[in-house]
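Protein chains: 2
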Amino acid sequence: MSRRIITISREFGSGGRTIAKLVADKLGYEYYDKDLIEKIAEGTGFSKGFIERYGEQAPGNSLFSYAFLGRTVNGMAMQDYIWMEQRKIILDLAEKGNCVIVGRCADYILKDRGDCLHVFVHAPLKDRAERIVRLYGETSEKPEKRLMDKDKKRSVNYRYYTDREWGLSQNYHLCLDSSEFGIEGCVDIIVELSK
Amino acid sequence: MSRRIITISREFGSGGRTIAKLVADKLGYEYYDKDLIEKIAEGTGFSKGFIERYGEQAPGNSLFSYAFLGRTVNGMAMQDYIWMEQRKIILDLAEKGNCVIVGRCADYILKDRGDCLHVFVHAPLKDRAERIVRLYGETSEKPEKRLMDKDKKRSVNYRYYTDREWGLSQNYHLCLDSSEFGIEGCVDIIVELSK
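Line by line, the protein sequences give chains A and B. Numbering follows our numbering, in which position 41 of the first sequence is assigned residue number 24; successive positions increment by one, without gaps. Numbering follows our numbering, in which position 8 of the second sequence is assigned residue number -9; successive positions increment by one, without gaps.
Treat the hints as calculated values from the structure; they're not laboratory data. Take these hints with a grain of salt, some might be off.
[Claimed, not checked] Here are the simulated DSSO-like cross-link-like pairs (lysine-lysine), alpha carbons at most 27 Å apart as the crow flies: (1) A:Lys94 / B:Lys133; (2) B:Lys109 / B:Lys136; (3) B:Lys109 / A:Lys94; (4) B:Lys17 / B:Lys133; (5) B:Lys125 / A:Lys135; (6) B:Lys109 / A:Lys178; (7) A:Lys4 / A:Lys94; (8) B:Lys178 / A:Lys178; (9) B:Lys133 / B:Lys4; (10) B:Lys31 / B:Lys4; (11) A:Lys178 / A:Lys94; (12) B:Lys4 / B:Lys94; (13) A:Lys133 / B:Lys94; (14) A:Lys94 / B:Lys125; (15) A:Lys94 / B:Lys135; (16) B:Lys4 / B:Lys135; (17) B:Lys178 / A:Lys9.
Note that this is a predicted model, so its numbers are computed, not measured.
Next up, chain A with everything else stripped away, as it sits in the complex (with noise of 0.2 Å):
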């Protein structure tokens, strides 16, 4: 069976995301990230930053998130509200045609789909950190710190809006270890399981 989606959720620093766009490449699909952030962006009227800020934190996530919980968009929590418009886009896109989408909780969005293949990248805490200093360089925060805090982010986020748990195997068709396998190798697994 030809998967027409391919949902790819990963831990920051895994390389899931490159992963995802050279999958779309060698299969010709769309592939749906940043420029899913804007298309949110422009639905809902809020700034591409604003959006990239709050599009992957639930409410309460961080002290910092609290600040904004009087704010509200129709009656809405803002990140309830940004979830709903994330929500609405990623089923049109699914509608749409082939295509690849990373993370945004897509995986759940579109889980009782028949046509998906739903995919999980992780890696070692070590092997994420070597390549984040790499990709994106030294800052005054410790890499391993960096990746925690994004990891909980993304966790909380995810438990918020689905109730289930984030990198669980069983929310996946397939979870891949990055170190292990390398990027090529897992896109190569990726694309040939999506024939």
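Since chain A is already given, all that's left is putting chain B on it; use the hints.
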């Protein structure tokens, strides 16, 4: 890199054991499951049936097991003693030659070796329920209940001895939904990735 040792952990009814046997056959690797239990039984002096019953059960895992809490071997709780024996046997088998090992926390016990492929096989409850009824027949207990009881025991045992969460993708190199790829499909993926 060729993987000399493949560990396969599995949800009950997912076909993980069948997959493991077929992988071992295809690769010409030794296969350890019931045989492993027999070896453990020989080593400890306990009967094979006894080990089968307690080998994947942590102390306090069920009301029934409390009855055995007082039973010790060399100053250890009985299940802890069996765990230690299992651990030694698995480490020995890994040294001996190419093999596929099913369950028994082998993924954790062999986690520091670089020549292993650690796999987790799962499937949705509905598919597993159909499979166990087809293979083992009906019992007075609903198949869903049998599955959940068995998974619960494995999960509690795994957490007790490894301090990790059973089925969390990060503990394995590869996780597969056997209902998505089929038994033969899973075998082919694992064999291909072992080379």
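Verification of the hints:
1. A:Lys94 / B:Lys133: OK: Lys94 of chain A and Lys133 of chain B at ~26 Å, within 27 Å.
2. B:Lys109 / B:Lys136: holds (19 Å)
3. B:Lys109 / A:Lys94: holds (15 Å)
4. B:Lys17 / B:Lys133: holds (17 Å)
5. B:Lys125 / A:Lys135: With Cα atoms ~38 Å apart, Lys125 of chain B and Lys135 of chain A exceed 27 Å; violated.
6. B:Lys109 / A:Lys178: holds (25 Å)
7. A:Lys4 / A:Lys94: holds (21 Å)
8. B:Lys178 / A:Lys178: Holds - the C-alpha atoms of Lys178 of chain A and Lys178 of chain B are around 22 Å apart, at most 27 Å.
9. B:Lys133 / B:Lys4: holds (21 Å)
10. B:Lys31 / B:Lys4: This hinted pair holds, its Cα atoms lying about 21 Å apart.
11. A:Lys178 / A:Lys94: holds (19 Å)
12. B:Lys4 / B:Lys94: Given pair Lys4 of chain B, Lys94 of chain B holds - Cα atoms ~21 Å apart, limit 27 Å.
13. A:Lys133 / B:Lys94: holds (26 Å)
14. A:Lys94 / B:Lys125: holds (26 Å)
15. A:Lys94 / B:Lys135: Status holds; Cα separation ~24 Å.
16. B:Lys4 / B:Lys135: holds (24 Å)
17. B:Lys178 / A:Lys9: Holds - the C-alpha atoms of Lys9 of chain A and Lys178 of chain B are around 23 Å apart, at most 27 Å.
Violation of the numbered hints given earlier is confined to hint 5; every other hint is satisfied by the structure.
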